[in-house]
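There are 6 protein chains.
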Amino acid sequence: MTGLIVGRFQPFHRGHLSVVSDLRRAQPEGSLILAVGSAQESFTAENPFTAGERVEMIQRALAEGRVNGCLPVPVADIHRHAQWVAYLRGLLPAFDVVYTNNPLTRLLFERERIRVESPPFVDRKRFQGEVVRRRLLENRGWEELVPPAVARFLVELGAPERLRRIAERVKGPSAESAP
Amino acid sequence: MTGLIVGRFQPFHRGHLSVVSDLRRAQPEGSLILAVGSAQESFTAENPFTAGERVEMIQRALAEGRVNGCLPVPVADIHRHAQWVAYLRGLLPAFDVVYTNNPLTRLLFERERIRVESPPFVDRKRFQGEVVRRRLLENRGWEELVPPAVARFLVELGAPERLRRIAERVKGPSAESAP
Amino acid sequence: MTGLIVGRFQPFHRGHLSVVSDLRRAQPEGSLILAVGSAQESFTAENPFTAGERVEMIQRALAEGRVNGCLPVPVADIHRHAQWVAYLRGLLPAFDVVYTNNPLTRLLFERERIRVESPPFVDRKRFQGEVVRRRLLENRGWEELVPPAVARFLVELGAPERLRRIAERVKGPSAESAP
Amino acid sequence: MTGLIVGRFQPFHRGHLSVVSDLRRAQPEGSLILAVGSAQESFTAENPFTAGERVEMIQRALAEGRVNGCLPVPVADIHRHAQWVAYLRGLLPAFDVVYTNNPLTRLLFERERIRVESPPFVDRKRFQGEVVRRRLLENRGWEELVPPAVARFLVELGAPERLRRIAERVKGPSAESAP
Amino acid sequence: MTGLIVGRFQPFHRGHLSVVSDLRRAQPEGSLILAVGSAQESFTAENPFTAGERVEMIQRALAEGRVNGCLPVPVADIHRHAQWVAYLRGLLPAFDVVYTNNPLTRLLFERERIRVESPPFVDRKRFQGEVVRRRLLENRGWEELVPPAVARFLVELGAPERLRRIAERVKGPSAESAP
Amino acid sequence: MTGLIVGRFQPFHRGHLSVVSDLRRAQPEGSLILAVGSAQESFTAENPFTAGERVEMIQRALAEGRVNGCLPVPVADIHRHAQWVAYLRGLLPAFDVVYTNNPLTRLLFERERIRVESPPFVDRKRFQGEVVRRRLLENRGWEELVPPAVARFLVELGAPERLRRIAERVKGPSAESAP
Chain C
1 MTGLIVGRFQ PFHRGHLSVV SDLRRAQPEG SLILAVGSAQ ESFTAENPFT
51 AGERVEMIQR ALAEGRVNGC LPVPVADIHR HAQWVAYLRG LLPAFDVVYT
101 NNPLTRLLFE RERIRVESPP FVDRKRFQGE VVRRRLLENR GWEELVPPAV
151 ARFLVELGAP ERLRRIAERV KGPSAESAP
Chain Z
1 MTGLIVGRFQ PFHRGHLSVV SDLRRAQPEG SLILAVGSAQ ESFTAENPFT
51 AGERVEMIQR ALAEGRVNGC LPVPVADIHR HAQWVAYLRG LLPAFDVVYT
101 NNPLTRLLFE RERIRVESPP FVDRKRFQGE VVRRRLLENR GWEELVPPAV
151 ARFLVELGAP ERLRRIAERV KGPSAESAP
Chain W
1 MTGLIVGRFQ PFHRGHLSVV SDLRRAQPEG SLILAVGSAQ ESFTAENPFT
51 AGERVEMIQR ALAEGRVNGC LPVPVADIHR HAQWVAYLRG LLPAFDVVYT
101 NNPLTRLLFE RERIRVESPP FVDRKRFQGE VVRRRLLENR GWEELVPPAV
151 ARFLVELGAP ERLRRIAERV KGPSAESAP
Chain U
1 MTGLIVGRFQ PFHRGHLSVV SDLRRAQPEG SLILAVGSAQ ESFTAENPFT
51 AGERVEMIQR ALAEGRVNGC LPVPVADIHR HAQWVAYLRG LLPAFDVVYT
101 NNPLTRLLFE RERIRVESPP FVDRKRFQGE VVRRRLLENR GWEELVPPAV
151 ARFLVELGAP ERLRRIAERV KGPSAESAP
Chain R
1 MTGLIVGRFQ PFHRGHLSVV SDLRRAQPEG SLILAVGSAQ ESFTAENPFT
51 AGERVEMIQR ALAEGRVNGC LPVPVADIHR HAQWVAYLRG LLPAFDVVYT
101 NNPLTRLLFE RERIRVESPP FVDRKRFQGE VVRRRLLENR GWEELVPPAV
151 ARFLVELGAP ERLRRIAERV KGPSAESAP
Chain F
1 MTGLIVGRFQ PFHRGHLSVV SDLRRAQPEG SLILAVGSAQ ESFTAENPFT
51 AGERVEMIQR ALAEGRVNGC LPVPVADIHR HAQWVAYLRG LLPAFDVVYT
101 NNPLTRLLFE RERIRVESPP FVDRKRFQGE VVRRRLLENR GWEELVPPAV
151 ARFLVELGAP ERLRRIAERV KGPSAESAP
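Chains as they are written, first to last, in this note's numbering: chain C, 1 to 179; chain Z, 1 to 179; chain W, 1 to 179; chain U, 1 to 179; chain R, 1 to 179; chain F, 1 to 179.
Read the hints as simulated data drawn from the structure, not as lab findings.
Since we're looking at a predicted model, the values are computed, not measured.
Don't take each hint at face value.
[Claimed, not checked] Chain Z residues, not near chain F, derived (Cβ > 12 Å throughout):
#	residue
1	Ile78
2	Arg80
3	Ala82
4	Pro119
5	Val131
6	Arg135
7	Glu156
8	Arg165
[Claimed, not checked] Here are the simulated distance ranges between beta carbons:
#	chain 1	residue 1	chain 2	residue 2	range
9	C	Arg164	F	Gly141	38 to 48 Å
10	W	Ala167	U	Glu144	52 to 62 Å
11	W	Arg115	C	Glu156	17 to 27 Å
12	Z	Glu112	W	Glu156	49 to 59 Å
13	U	Arg134	W	Ala167	47 to 57 Å
14	W	His79	R	Thr44	49 to 59 Å
15	C	Glu110	R	Val155	50 to 60 Å
16	C	Pro148	F	Arg164	45 to 55 Å
17	R	Glu144	F	Arg152	26 to 36 Å
All C-beta atoms, glycine included, are put in the ideal place defined by N, C-alpha and C.
In isolation and in its complexed conformation, chain C is listed as follows (with noise of 0.2 Å):
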């Protein structure tokens, strides 16, 4: 059986090493497909890393963590969700089982008849993205809330560094002179 899970993984953090590693160890003769969503976006504050780096954090934890059995896909966003699963369906191999706790993830699938199924949830207050950036660009914190080869990893990319230019607004002429 193959499953499916969606996320931007913007980093790779240990909540998401926790729901790959409980699938994979459930469906241990299966395969689980990461689907790395919004893969066009990077350098901004949101998405702050590159699909590449995220397929690349999530193989470095993976192999730390001893989980095997997972294909990272990068897949960019098409902005048209009456299309949507389509697309991952032309993009990805085939599936058998969604896992998201998103609704409207939900929805979307089960319009087009395919099993969805809610992970459990791992201390999810500590454990989102949005919180490892914050912590990213005061650069306090970020450690421990990703696995330790992921932290090194973004050691290596220099990411509180990134992360602070992005945020950084200055005024005046050229102010406006961002891509």
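We have chain C; now place chains Z, W, U, R and F onto it with these hints.
This is chains Z, W, U, R and F only, laid out in the frame that chain C set:
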């Protein structure tokens, strides 16, 4: 004479029906194009219904109200205001006059020397898409704001449930996995 | 040596002219490319003028100020930060240095090993596009913020009236019929 | 029962009218959606007429032939076959059956478990868009291939002259200045 | 060391497997990214299989051949050669070397100072996607050109029938109704 | 008076320079916009040079020929003929007349009531982009077809080698790995 009215019709409510019906009565020998804007959007808080569903509710409401001579046409956004009038002219049958109370819409058409008229308002406080969508979300009092045929269609679609699912926010590892 | 400055120039104001003029004086034998960003946008609150109008106001202001050696180039957004520098390099003549005070712009160019310098600020409180647009909307005090040639051009365009129409919000059946 | 027929209708000819008319007669209580494909195309050899012009010629021909219950809808190409059926379902009112003789169209709809039927052919040699366009270019013998209302409309549009201009190739410095 | 190989893999044949297998053997400690190009295409003569199907056939063939350390990634075309390398770098994990025999691919990567190597050819006459697709269309002799696991998968997909339907051309009123 | 000339300028040759130079001499007090079309294309057989390279060769040739009052502007294709004139008007400074020998270009501008004139031809057999590109590919006899400044620039770019690499076709496992 062919008129054009542009809206998103999320959903098609009694204010829309009243304007369309009045315009058709005033020009019985002409016809009226209803451009169904933001056609690429659906399953969002602002645009819960697909273009096809909106075309269908327009057809049902007009049939019920015995209003004829109308052509609903889905029109996707191009997000290029300087090309928008040329885009509409390419997509729609030739039209002679545009009915709008939106000052920007008026400006863009007048720049191309197309005649613009303002339709009278119909109890503008109640008959707004935003109000109907809010009531659909709370599932109370929305039926009186839409034509009966639209009310029945919205029930068929499970509209209140759809609005509720779109609005829900879940915190946790998979919270960011929205499409 | 060819420099590059990126802005939206909505509109081209005296702060812009001052920076451009200083850069040209400092490198009289070189040239300066003015990338006119968000070129696809117009008739919105943030981007009221078309790219063509912005190129034209730059040309008029530079002619009036006797600043030569500048090339204004309209550049549409691609909304893909990871490709943005490659996109600019494909669209523009070769350049040696980028002038910017925007930290993200700096980051993206430095990642590609392109030299970045910060131009000095010119009374940053007053000379901001946002301030000029707000004053245009209120139609008072904007003339002193732009070069005389731009002021005349903005009058020709009916800029205050345009800003006013863009800003207006109408409630009612046709309120959502914006382009 | 609602049927769907997909075509480019470049232009709407007597073969199209015959099929549409037969389908309507066979299902008088139902309705028929005419998806006007490649809606974004116009002024090319393959697609000389805008979507709006095509919708208009369909309306005139159906009125002339007293065929009712049809809804022409412009549909832009998405060039993504795996999403095409989902795209149409989002854009169009709900439909129960698709009429097509195109094997690929059949394949794509059947994959989504939508009923497909083949309409009978009507003198397939003569009634082809390609033949009508070639005769329009040569401005001889095209009138008999289209309904009278379409013939009058094509004269209004200056169709033969348009086809001729599109087809012309000029060699020289400005030869490559095509849009 | 991470290598990159770019292909369309329509379908993944024994020539592909041989190259991938040799590269993995030569760098057992490294890894190899397989960019599955033209990911947005499917159900056309040149690109009959979806990106998801292609990823799946790669996974099956590599599992069968006991080749590990490979990551297949679907990559949609951007049709902007000047941005193509930046696009790939944003979408993929970091790579050190590109393997290609395509002179244009080589040129584009070398311009960005990325190391490029040419993999040896494997009986180039037989092992070409074009040849496999032609034989699939004729449904004879294609099995020997693909790994056994891919052959089984192509049978599951009904590949010869799919190729045949895509290739068919019908003349008549609905002939132009292709998606 | 401001004129507009639209071309792809792949590359800018002596035929282009002659037309531009004549137009400038005939209207010394006016100005001329050179829209550099298909700006998004590069490194293809039809469009080997980036828009930036084309703008740069135009600048060099005009400086060498002491032709002033010209503004080269890169213009990406929109592939929507019905919107093309509106698109150009939004992107370019206001213009009064278009110079073209292309019948379709003439048709599209005349539909918008813009004045169109035909510039005289200059030895049309020799001075064609296609001829220059073919000679560049064969690396013989191309220098005499372009202004000396362009010839030097093309040597700097390694143009013959670039054309050769683009043209090469390799058969084999990686043959389809083109960008």
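query: Taking 49 to 59 Å as the hint, is the beta-carbon distance of histidine 79/W and threonine 44/R inside that range?
result: Once the Cβ atoms are compared, 28 Å apart, the range 49 to 59 Å for threonine 44/R and histidine 79/W is violated.
query: Taking 49 to 59 Å as the hint, is the beta-carbon distance of glutamate 112/Z and glutamate 156/W inside that range?
result: With Cβ atoms ~18 Å apart, the hint is violated.
Range hint 45 to 55 Å (beta carbons of proline 148/C and arginine 164/F) holds or violated: 50 Å, holds
- request: Could you see if the CB distance from arginine 115/W to glutamate 156/C stays within 17 to 27 Å?
  value: 24 Å, holds
task: Over 12 Å to the closest beta carbon of chain F is the bar; see if arginine 135/Z clears it.
output: About 38 Å separates arginine 135/Z from the closest Cβ of chain F, which puts it past 12 Å; holds.
Beyond 12 Å from each Cβ of chain F, as asserted for proline 119/Z: 26 Å, holds
Status of the stated non-contact between arginine 165/Z and chain F (beta carbon gap over 12 Å): Non-interface label on arginine 165/Z holds, nearest chain F Cβ at 36 Å vs cutoff 12 Å.
query: Going by Cβ atoms, does arginine 80/Z stay more than 12 Å from chain F at every point?
result: 7 Å, violated
task: Would you assess whether valine 131/Z, listed as outside the interface, keeps its beta-carbon beyond 12 Å of every beta-carbon in chain F?
output: 35 Å, holds
- prompt: Is the gap between the beta carbons of arginine 164/C and glycine 141/F within 38 to 48 Å?
  reply: Violated, since arginine 164/C and glycine 141/F (Cβ atoms, about 57 Å apart) do not stay within the stated range.
query: Okay, glutamate 110/C versus valine 155/R on CB: inside 50 to 60 Å?
result: For valine 155/R against glutamate 110/C, whose Cβ atoms are near 31 Å apart, the range 50 to 60 Å is violated.
- request: Check the non-interface label on alanine 82/Z: least C-beta distance to chain F beyond 12 Å or not.
  value: Violated: least Cβ distance 3 Å, not greater than 12 Å.
The structure fails to meet hints 1, 2, 3, 9, 12, 14, 15 and 17 from the earlier list, while all remaining hints are met.
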